[in-house]
Amino acid sequence: MISYLMFIAGAIFFVGGTLETLSLAAEPEWFLFIPYHIEPHAGAVLGLSLIISGLCLIVFGLAAGINYSRDRSWYMQELRKANSIEELMMSKRTTVKKQGKKKFREIKNKT
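Reminder that position 71 of the sequence shown reads as 71 in my numbering, one-by-one numbering, no gaps.
Because the hints were derived from the structure by calculation, they are not lab data. Just so it is clear, CB atoms sit at the ideal spot from N, CA and C, and this is done for glycine as well. Hints may be right or wrong, so weigh each one.
Beta-carbon label-pair distances, calculated as ranges [what the hints assert, rightly or not]:
| no. | residue 1 | residue 2 | range |
| --- | --- | --- | --- |
| 1 | Phe31 | Phe60 | 17 to 25 Å |
| 2 | Glu86 | Ile8 | 47 to 55 Å |
| 3 | Tyr75 | Pro40 | 45 to 53 Å |
| 4 | Ser73 | Leu46 | 34 to 42 Å |
| 5 | Ser73 | Glu27 | 31 to 39 Å |
| 6 | Ala64 | Met90 | 37 to 45 Å |
| 7 | Ile2 | Leu55 | 14 to 22 Å |
| 8 | Ile85 | Ser49 | 50 to 58 Å |
| 9 | Met1 | Glu78 | 15 to 23 Å |
| 10 | Leu19 | Ala82 | 28 to 36 Å |
| 11 | Ser53 | Leu88 | 50 to 58 Å |
| 12 | Glu29 | Asn83 | 53 to 61 Å |
All chains, full assembly: derive it from the sequences and hints.
Laid out in structure tokens, this is it:
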């Protein structure tokens with residue numbers, strides 16, 4: 001859940017920073033797909049910081065989501081192992097009880 005919120009917040013920050021940079025400069029400089037404005041202006045710093053923090057939140061949100069998913073799959077696998085061992089032990093108990101009843105009947109019938 002937290003990873004999803006991080007990803008959404010990162011996407012919002014990234015879009016906000018991109019819109020801020022594009023509204024500030026008619027022809028911004030581009031680094032790959034990230035627009036930036038070089039002139040010393042508060043809006044340029046705000047736009048670039050929003051873009052960078054948005055990208056970081058997106059990346060860390062994806063990483064946290066993958067980590068939580070792997071942890072959950074490991075936990076579910078351990079639960080399945082424990083459940084299968086418990087079912088095996090229960091089936092052995094019922095087998096032992098049935099064999100015990102048969103032996104008791106055989107002894108009772110002999111006497």
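Structure-based check of each hint:
1. Range check, Phe31 to Phe60: about 20 Å between beta-carbon atoms, so the 17 to 25 Å window is met.
2. With their beta carbons about 40 Å apart, Glu86 and Ile8 fall outside the hinted range of 47 to 55 Å.
3. Between Tyr75 and Pro40 the CB atoms are about 52 Å apart, so this pair conforms to the stated range of 45 to 53 Å.
4. A beta carbon spacing of about 40 Å between Ser73 and Leu46 agrees with the range 34 to 42 Å that was offered as a hint.
5. The given range of 31 to 39 Å is broken by Ser73 and Glu27, whose C-beta atoms sit roughly 48 Å from each other.
6. About 39 Å separates the C-beta atoms of Ala64 and Met90, a value consistent with the hinted range of 37 to 45 Å.
7. The supplied range of 14 to 22 Å is met by Ile2 and Leu55, whose beta-carbon atoms lie about 18 Å from each other.
8. Between Ile85 and Ser49 the CB atoms are about 53 Å apart, so this pair conforms to the stated range of 50 to 58 Å.
9. The beta-carbon spacing between Met1 and Glu78, approximately 22 Å, falls within the hinted interval of 15 to 23 Å.
10. Evaluation of the 28 to 36 Å hint for Leu19 and Ala82 yields a failure: the beta carbon distance comes to about 52 Å.
11. For the hinted restraint 50 to 58 Å between Ser53 and Leu88, the CB-CB distance of approximately 52 Å keeps it satisfied.
12. At roughly 59 Å, the beta carbons of Glu29 and Asn83 sit within the given window of 53 to 61 Å.
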